[in-house]
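**Student:** Listed in order, the protein sequences are those of chains A and B.
Be aware that the first sequence starts at 1, since it is given in full-length UniProt numbering, and climbs by one per residue.
Be aware that the second sequence starts at 1, since it is given in full-length UniProt numbering, and climbs by one per residue.
Note that these hints are calculated values from the structure, not bench results.
Everything numeric in this text was worked out from a predicted model, so none of it was measured.
Among the hints, a few may not be true.
Cross-link-like lysine-lysine pairs, in silico, PhoX-like; alpha carbons within 20 Å at most [what the hints assert, rightly or not]:
id, chain 1, residue 1, chain 2, residue 2
1, B, K623, B, K579
2, B, K716, B, K756
3, A, K52, B, K561
4, B, K802, A, K26
5, B, K610, A, K52
6, B, K610, A, K26
7, B, K800, B, K623
8, B, K597, B, K610
9, B, K756, B, K483
The following label-pair restraints were derived from C-beta to C-beta distances [claimed, not checked]:
id, chain 1, residue 1, chain 2, residue 2, range
10, A, I97, B, L581, 42 to 52 Å
11, B, E342, A, L81, 52 to 62 Å
12, B, G146, A, G100, 50 to 60 Å
Away from chain A, derived, C-beta distances all over 12 Å, residues of chain B [what the hints assert, rightly or not]:
id, residue
13, K222
14, E516
15, C598
Even for Gly, the Cβ is constructed at its ideal location relative to N, Cα and C.
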Amino acid sequence: MTADTRSWVAIGTLSDIPREGARVVKTSAGCVAVFRTVNDEVYALDDRCPHKGGPLSQGIVHGTSVTCPLHNWVFDLATGLAQGADDGKVPVTTAKIENGTILLAADDLARRTVA
Amino acid sequence: MNKQKLVIVGNGMAPGRMLEYLLEKDKEAYEVTIFNAEPRVNYNRLMLSPVLSGEKTYEDIITHGDDWYAEHDITLHKSARVSAIDRASKTVTSESGVTAAYDKLVIATGSNPFIIPLPGKDLDGVLTYRDLDDVDKMLAAAQRGGRAVVIGGGLLGLEAAAGLKMQGMEVTVLHLMPTLMERQLDPAAGHLLEEEFKRRGIDVRTKANSHEIVDDGDGKVKAIRLDDGTEIDASIIVMAVGIRPSTDLAKDIGLEVNRGILVKDDMRTSDTDIFALGECVEHQGACYGLVAPLYEMAEVIADNLLDGASGYRGSVTATKLKVTGVDLYSAGDFAEGEDREEIVLRDATAGVYKRLVLKDDKIIGAVLYGETSDGPWFFDLLKKGTDVSEMRETLIFGQAYQGSAPLDPMAAVAALPDDAEICGCNGVCKGKIVTTIKDKGLTNLDDVRAHTKASASCGTCTGLVEQLMQVTLGDAYNPAAVKPMCGCTTLGHDEVRRLIKSKEIKTIPAVMQELEWSTSGGCAKCRPALNYYLVSDWPDEYADDYQSRFINERVHANIQKDGTYSVVPRMWGGMTSSKELRAIADVVDKFDIPAVKCTGGQRIDMLGIKKEDLPAVWEDLGKAGFVSGQAYAKGLRTVKTCVGSDWCRFGTQDSTGLGIQLEKFMWGSWTPAKLKLAVSGCPRNCAEATCKDIGVVCVDSGFEIHYAGAAGLDIKGTEVLGLVKTEEEVLEHVVALTQMYREQGWYLERIYKWAKRVGYDEIRQQIMEDHDRRRAYFDRFVFSQKFAQVDPWSERVSGKDKHEFNPMAVFTREAAE
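Extracted from the complex, chain A is given alone in its bound form:
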């Protein structure tokens, strides 16, 4: 096992997000949507659909996917890739849970803010 050398930022606890729901983390370069699946996994994507900019945090979470609330594009939460016939990708921020706390990878966030 390789040591975890990345630095992480705590954003809250797992219980802050409802199962099959999402919440938003604001950054100076736009929002990140943090999703919790029915199995208590956590994923984070930019809160912006590549199609028409819909807020993905407002979509319905199912399995490890989310459906955009504006025009029903579906994205895989792990890869950010659009599913089915649609083509597109949402930037992913690596997320993990430690002792019930949700952590986002600091370098991913930083890349966003300087981008």
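Starting from the structure of chain A, add chain B where the hints point.
**Tutor:** Only chain B this time, still in chain A's reference frame:
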């Protein structure tokens, strides 16, 4: 060439099938005449139980309609009971005086229900369960309510009991033996079945010997008294204790008759020009009441009518119970005996019971309860007398566990031999289905049904047939005969709604489990639909699943293209006041709302509100007395009105007042799709009621109720439902119509599409003419409103689901670095 004349007495499923075989082999051979005592065409008698339970209609179960007879030049005399056959002159005559000559005659008179000779058996209200007339009588009785007592806990009795229960009657089943269906089931399975019926609220009494049917003094049934003195009140009594071959006609003309009309292997009676077919027949000491053997006989006769030399060899039969949600399969012999062994599997939590009876390493009997998919496989082993000693260890787990590793169901079907029977009702084997699919290039289930008859009778083998199609066609198979709800299931909306009701499923995970969803958590299409179906069916018990609602319904506002929201407060019937307008103006100023607009439904829309401001906006609006206008909802939105008789010189009634009344009664209710109403005060129709989901047009003589209009993707004027006299009647009819739509509509299906699917006549009949049904719809709506009329704004303002509206964390650049 002169055609020979073929006359058939009786028009049940067996002669229907015989004609199909005959026409398939040679459609020019005979000129066919049929005498039918029933006043109708041929229908699928196996499906009477779904008709009784309300899951199907008569039209759904017709197998040969008038067109079919016309197309094949067959003369069908309906309501024509045959009174005489003259074997010397070879003619058949009906009671109504129609005579037909024959060269060959087929007697297919079927059977009569057995009536127990109890005192009181002739009273009004004592019914049997045999044909559509019986079903109609039971349905009429169910409308009046009360208790039905079903005598007989066999297949038919139990199907009748389950159907009557679904129609809302109290039901008691009386069964003479200690356990139900004792001829097909062993005592353990019979017990499970009894528990299941009791769980459905059906009173089951075994070892119950009926003594007398009690007269109410007017020649009608009042109660039934048992031998032990117990008296059970009853408004109807259904006798379902068995059938007797109907042989009177054959006896009259001197054919050899024992229990049934005696036939030889070629299916001829003692007169070589007369065949007998179906339940009226006795072959080598056996009479059959299940459809599979009758179809085998039908094929033999068809062949022999064409100078073939086919022989019937008797049948081994398997039984399934056709009660939705009860899986039960039984075949062969399962009595205990010295030389027999048995293998039993019990899984109490899963409600599964399986028992195999073996003799000399061969299966001779099988009873499956709760999990029946291996039924056909066991039946196949049984019929062939396969030696099962090699697979004994895993035999009871079924076909999937044979071989080294568990097979998937598709592999199991693929591994079946060509002569394995797939459809028991019609005796169709795998090879026939596969060949037909390939030869005729069939790609959908309906076509396979039409060409092979597999799955065309009771339908319990549909899953197997579909798997076969998948195996045969691969990706070319298009299972969309019924359009599935979404990619997570093969079931259509109707099927899902029906199963939610009949299996009493009350949560989304339970639906996905019970109905075998192919995804773990559904998708954005099925989850909102299931959420609605459950809210609609179990208003008091189901806990709304917020995560299965679209964002508009989660936050009670409409999401707009830029991710902001718009908010619409309710203005009852479109009326407002200076106080309300002032409150709205204040909110607009305070939250810097960029746009304010009147909607098409006469309400005020505030557009461009940031999500985090929503709770505060609602709080202010709530303080001013507003509740949510549900302008975002798949539910009642607005009732648009004109000024009516209050102000208008043409107005005939108080349309504004009526609109307010309707809106106050119906707000908060969820519907399959958005629902918009309007009330116009006169036929000038200023409220545009004739393009709404439901519209009321006031006229001098009362109120004209319209519905099924559309002014969206489709533009469509309304249909007229009917005219009523008073405002109270308007309310009752409109609410009942809405409830009917709520119970039957597919999610996202607007009322005009639903109405077209269900049929305008059907809706008019149920809502305008059937007083009791209308009232029942109305009452169910009122009941569900107890749980629905909660203002979502005040709920949210008071803190529910606060997390929705605030960011979880805020980072500046420094924090991230």
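**Student:** All hints, please: hold or fail.
**Tutor:** Hint by hint, here is what the structure shows:
Proposed proximity of B:K623 and B:K579 is supported: the alpha carbons are some 12 Å apart, at most 20 Å. Between B:K716 and B:K756, the direct Cα distance comes to roughly 12 Å. Compliance with the 20 Å bound is thereby established for this hinted pair. For the hint linking A:K52 to B:K561, the alpha-carbon distance of about 8 Å falls within 20 Å, and the restraint holds. Between B:K802 and A:K26 the alpha-carbon distance is near 17 Å, which keeps this suggested pair within the 20 Å criterion.
With a CA separation close to 18 Å, the supplied pair B:K610 and A:K52 stays within the 20 Å bound. Taking the CA atoms of B:K610 and A:K26, the gap is about 14 Å. The hint holds against a cut of 20 Å. Proximity of B:K800 to B:K623 is assessed by CA-CA distance (about 18 Å); at most 20 Å being required, the pair is judged to hold. Distance hint between B:K597 and B:K610 is fulfilled; the C-alpha atoms sit about 17 Å from each other, no more than 20 Å.
For the hint linking B:K756 to B:K483, the alpha-carbon distance of about 17 Å falls within 20 Å, and the restraint holds. Checked against the hint of 42 to 52 Å, the C-beta distance between A:I97 and B:L581 comes to roughly 50 Å, which is consistent with it. Judged by the Cβ atoms, the range 52 to 62 Å given for B:E342 and A:L81 holds: they are separated by roughly 55 Å. At roughly 58 Å, the beta carbons of B:G146 and A:G100 sit within the given window of 50 to 60 Å.
With a cut of 12 Å on Cβ distances, B:K222 stays outside the contact zone with chain A, its closest approach being about 56 Å. B:E516, annotated as away from the interface, keeps every beta carbon of chain A farther than 12 Å; the closest lies near 16 Å. In this structure B:C598 is separated from chain A by more than 12 Å, as the shortest Cβ-Cβ distance comes to about 25 Å.
In summary, the structure agrees with every hint in the numbered list given earlier.
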